[in-house]
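There are 2 protein chains.
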Amino acid sequence: MSKKLTSRAEDYSKWYNELVVKADLAENSAVRGCMVIKPYGYAIWEKMQAQLDKMFKETGHQNAYFPLFVPKSLFEAEEKNAEGFAKECAIVTHYRLQNDPDRPGKLRVDPEAKLEEELIVRPTSEAIIWNTFRGWVQSYRDLPLLINQWANVVRWEMRTRLFLRTAEFLWQEGHTAHETKAEALTEAALMNNVYATFAEEFMAIPVVQGLKTESERFAGADETYCIEALMQDGKALQAGTSHFLGQNFAKAFDVKFANKEGKQDYVWATSWGVSTRLMGALIMTHSDDLGLVLPPSLAPNQVVIVPIYKTDEDLNAITEVANTIMSDLRGKHVTVKFDNRTTHRPGAKFAQHELQGVPLRVAIGARDLANGTVEIARRDTLTKEVVPLSDLTTIIEGLLKEIQDGLFKKALDFRDSHITEVDSFEEFKNILENKTGFISAHWDGTAETEDKIKEITKATIRCIPLEMNKEAGVCVYSGKPSEGRVLFAKAY
Amino acid sequence: MSKKLTSRAEDYSKWYNELVVKADLAENSAVRGCMVIKPYGYAIWEKMQAQLDKMFKETGHQNAYFPLFVPKSLFEAEEKNAEGFAKECAIVTHYRLQNDPDRPGKLRVDPEAKLEEELIVRPTSEAIIWNTFRGWVQSYRDLPLLINQWANVVRWEMRTRLFLRTAEFLWQEGHTAHETKAEALTEAALMNNVYATFAEEFMAIPVVQGLKTESERFAGADETYCIEALMQDGKALQAGTSHFLGQNFAKAFDVKFANKEGKQDYVWATSWGVSTRLMGALIMTHSDDLGLVLPPSLAPNQVVIVPIYKTDEDLNAITEVANTIMSDLRGKHVTVKFDNRTTHRPGAKFAQHELQGVPLRVAIGARDLANGTVEIARRDTLTKEVVPLSDLTTIIEGLLKEIQDGLFKKALDFRDSHITEVDSFEEFKNILENKTGFISAHWDGTAETEDKIKEITKATIRCIPLEMNKEAGVCVYSGKPSEGRVLFAKAY
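Here the protein sequences come in this chain order: H and Z. For this note's numbering, add 1 to where a residue sits in the first sequence, where the first one is 1. For this note's numbering, add 1 to where a residue sits in the second sequence, where the first one is 1.
Just so you know, these hints were derived from the structure itself, not from any lab. On a predicted model such as this, the values are computed, not experimentally measured, just so you know. Treat the hints with caution; some may be incorrect.
For identical chains, the list gives no copy identity; a pair is met inside one copy or between any two copies.
As the list claims (entries may be wrong) - List time: in silico DSS-like cross-link candidates among lysine-lysine, alpha-carbon distance up to 30 Å:
no. : residue 1 : residue 2
1   : Lys350    : Lys261
2   : Lys333    : Lys55
3   : Lys333    : Lys58
4   : Lys55     : Lys491
5   : Lys481    : Lys261
6   : Lys410    : Lys264
7   : Lys182    : Lys436
8   : Lys261    : Lys23
9   : Lys430    : Lys453
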């Protein structure tokens with residue numbers, strides 16, 4: 002298989018698919034719409050998990066685990082939520098296979114092993130969790146309940162793409178219960194902010210924080226906060242959501258508490274999640290025609306050392322130096338790998354590490370040893386320089402910081418140069434045809450207008466930015482009054 | 002709900018169930034046989050995961066993720082494995098719900114949304130993984146393939162118990178592919194040894210390493226290594242297994258490689274796993290009538306500090322001291338919590354921490370402040386002493402080590418005093434009626450004898466110990482020749 006990727010200019014979608022597979026991030030499986038996350042891709046996901054988990058714990062949340070299955074009677078209890086997920090869910094109906102009398106050695110579903118009640122494979126866990134919370138909450142002393150779960154979920158999507166939209170995906174889902182509406186709203190906003198911080202500081206992905214319009218909200222939510230990112234092809238990607246659920250689930254599952262005055266009241270809820278979809282955002286924000294580009298914070302190996310040698314003697318001498326470099330770097334919490342595989346030539350190793358987005362590559366040859374130097378190559382700028390071995394650790398620490406900051410800056414510049422203020426619908430349509438990105442435009446606040454615009458242009462309202470200027474204007478489509486600009490875009 | 006547990010002597014099984022629920026480890030859910038793992042229980046599981054994950058990575062394994070579902074045609078490909086799991090598996094047959102015309106507002110399975118091929122919710126992942134490995138292995142250069150997955154699996158067990166046997170459980174499953182039979186056998190033994198080290202050094206649970214008999218092997222394995230532990234009630238518990246799968250899955254899924262001579266050959270396989278069942282082993286090895294007893298290595302909080310105060314002034318002074326203690330302890334990587342809840346009295350806090358197995362409790366009152374002392378209580382021995390505040394960190398470090406070692410020693414003494422060498426079947430039956438534990442006896446090596454003994458006594462061969470003396474003898478049941486003693490027991 003050729004390692005060379007289709008270029009982004011030629012076919013962005015093909016470039017993406019090829020990159021995911023060739024960089025060993027993920028691949029399609031024998032199960033329709035379900036992916037296999039390969040070790041290298043999973044190592045990046047583990048880095049994301051570790052950082053998010055830390056941030057959740059620092060904000061007072063605890064992990065727990067709830068069942069994979071939701072009995073149909075619980076699934077349908079909160080009607081809007083049920084309606085939102087009913088059309089794309091995997092349903093377990095039987096619990097046993099038997100020998101197939103028509104095909105010796107093969108199996109069939111045992112028709113007598115039918116479940117009394119069907120089980121839905123969780124597309125999201127509000128139903129099973131709120132049914133459990135009923136037993137956990139009696140009084141205000143039990144609140145707030147701040148729970149998170151790392152889990153797999155299944156949504157039977159018809160059109161799937163690796164990481165971006167898969168039938169099964171991995172995610173975390175936070176579920177919290179509060180005494181008051183204000184506290185729940187604060188929690189929903191706080192967790193959206195945690196996601197924004199994570200996206201910007203660790204993934205180097207700039208995001209707009211905002212609220213979803215009613216038609217784009219999570220099924221069962223009263224308000225949905227989101228972080229929206231812009232991909233290199235000018236399409237937006239929803240990278241995380243945090244929902245204020247009001248008392249909807251508390252009422253559907255009868256979760257009441259005795260408040261400080263001794264009166265029974267329904268609790269207030271939030272839920273929030275990010276998923277392996279973030280891998281797609283990561284790829285489409287930073288990568289180039291040579292492959293993946295990783296911010297150092299998420300790189301499984303921040304540095305790889307490649308020996309260039311002809312004799313065993315040279316290799317031994319290089320290995321000795323490499324061991325010292327590795328020990329120094331690890332002392333500074335830099336992850337580093339010595340790629341001393343004898344099955345691959347240096348050129349092939351360079352190409353692989355480029356494809357897999359290793360931030361820094363250090364090459365050491367016999368001449369370097371004599372000169373007390375090494376060659377260091379940056380993945381982000383594709384530049385190389387020869388540096389003194391004695392300064393290497395300091396140089397690497399500086400470069401990793403520079404790369405992390407540089408990737409964010411570059412993505413931010415791209416994003417900011419792809420937000421266009423638009424005041425007429427002609428211009429709106431032109432922009433979507435010619436160049437893409439976010440369109441900042443006035444909207445009259447109605448679902449009708451939103452639908453019409455979507456129908457005509459395929460663009461949706463990505464969010465009502467939290468930092469929206471309350472600037473009066475007229476709707477770009479209907480000409481009716483508007484309170485401020487919202488962000489439109491075509492989206493993943 | 003009373004916090005007091007049924008005593009072990011009164012009803013061991015009831016004691017176990019009550020402890021799991023009252024110590025906030027887990028509870029039953031609305032889904033038959035599936036549990037909710039509560040935050041405190043999950044925090045212990047996270048500690049196990051972190052340590053095991055580290056040990057897997059240190060032995061060269063990488064994590065990946067494979068689909069939850071196994072298409073039926075793949076599930077049935079390895080016949081013995083399929084047969085072993087066919088009778089207890091959850092089967093997805095449909096992918097959509099619709100409005101139920103007979104029950105307004107409710108849903109039913111859409112009969113038109115039937116899958117062409119049924120999907121089995123993985124009871125174990127050999128089938129889907131080996132189907133994937135086919136694409137990953139071409140030459141000996143691609144081997145060994147050393148993969149691990151942290152995942153949920155489902156086995157539709159009819160009789161379930163929290164942690165010990167649940168329809169859904171969490172586990173890790175290692176899956177490896179090798180060039181040679183010898184290498185795969187070494188891997189299977191190595192990983193069983195990793196489990197034994199983990200059980201003994203981190204969980205403080207002594208285990209016997211051994212091989213399963215043919216009838217107790219994993220379905221599809223040529224050899225199953227295991228670690229067997231002994232619970233306080235004298236029943237054995239299989240705590241982990243590691244399988245040598247021969248070329249069975251390679252043949253079923255056509256996974257071949259070009260060997261060093263350029264010839265095509267099937268690869269050799271292993272798989273190995275431990276699960277949330279370990280939580281059950283942990284509980285039943287160390288705990289007592291007051292609740293959970295945790296080895297410090299797995300305790301979410303190794304130390305809890307409880308302030309004893311009457312005035313806000315006292316609390317402030319105690320808080321200041323507690324903050325210093327916490328900072329010192331955290332500097333030594335000791336996990337510690339200051340239980341300054343105002344909703345609970347000290348007695349209630351003591352009882353809760355006892356129930357939840359916190360290894361060390363430090364109580365600080367106003368008089369302690371004046372004397373420069375604190376009271377420290379051990380959960381394992383239930384002893385208390387007053388110690389100088391100035392030595393506290395050193396004392397705590399010493400005690401944590403002492404507790405960890407002491408718990409293992411106690412469990413080892415119990416286990417060793419519950420292995421009885423038996424040479425007649427009368428004695429064999431007597432022991433199982435009177436006292437329990439492992440019986441070390443000669444066996445003629447046949448499945449017939451094994452079945453007969455099980456039928457008569459309910460005891461099974463837990464393992465053929467790796468350290469078995471090759472001592473010739475005669476079978477305790479049949480009188481036929483035997484090559485050495487094996488371990489029998491009733492088991493969970």
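Cross-check of the supplied hints:
Taking identical chains as interchangeable, the C-alpha atoms of lysine 350 and lysine 261 lie at most 30 Å apart only when they sit on different chains, with a minimum of 22 Å there against 65 Å within one chain. Taking the closest pair of Cα atoms, lysine 333 and lysine 55 come within 30 Å of each other both inside a single copy (20 Å) and across two copies (20 Å). For the identical chains of this complex, lysine 333 and lysine 58 are neighbours both inside a copy (25 Å) and across copies (21 Å), given an alpha-carbon limit of 30 Å. For the identical chains of this complex, lysine 55 and lysine 491 are neighbours neither inside a copy (33 Å) nor across copies (43 Å), given an alpha-carbon limit of 30 Å.
Taking the shortest Cα distances, lysine 481 and lysine 261 never come within 30 Å of each other, neither inside one copy (46 Å) nor across copies (75 Å). For the identical chains of this complex, lysine 410 and lysine 264 are neighbours neither inside a copy (52 Å) nor across copies (53 Å), given an alpha-carbon limit of 30 Å. Taking the shortest Cα distances, lysine 182 and lysine 436 never come within 30 Å of each other, neither inside one copy (42 Å) nor across copies (59 Å). With identical chains, the CA atoms of lysine 261 and lysine 23 are at most 30 Å apart between copies only, with a shortest distance of 25 Å across copies and 59 Å within one.
With identical chains, the CA atoms of lysine 430 and lysine 453 are at most 30 Å apart within one copy only, with a shortest distance of 13 Å there and 81 Å across copies.
Of the hints listed earlier, those the structure fails to meet are numbers 4, 5, 6 and 7, in rising order.
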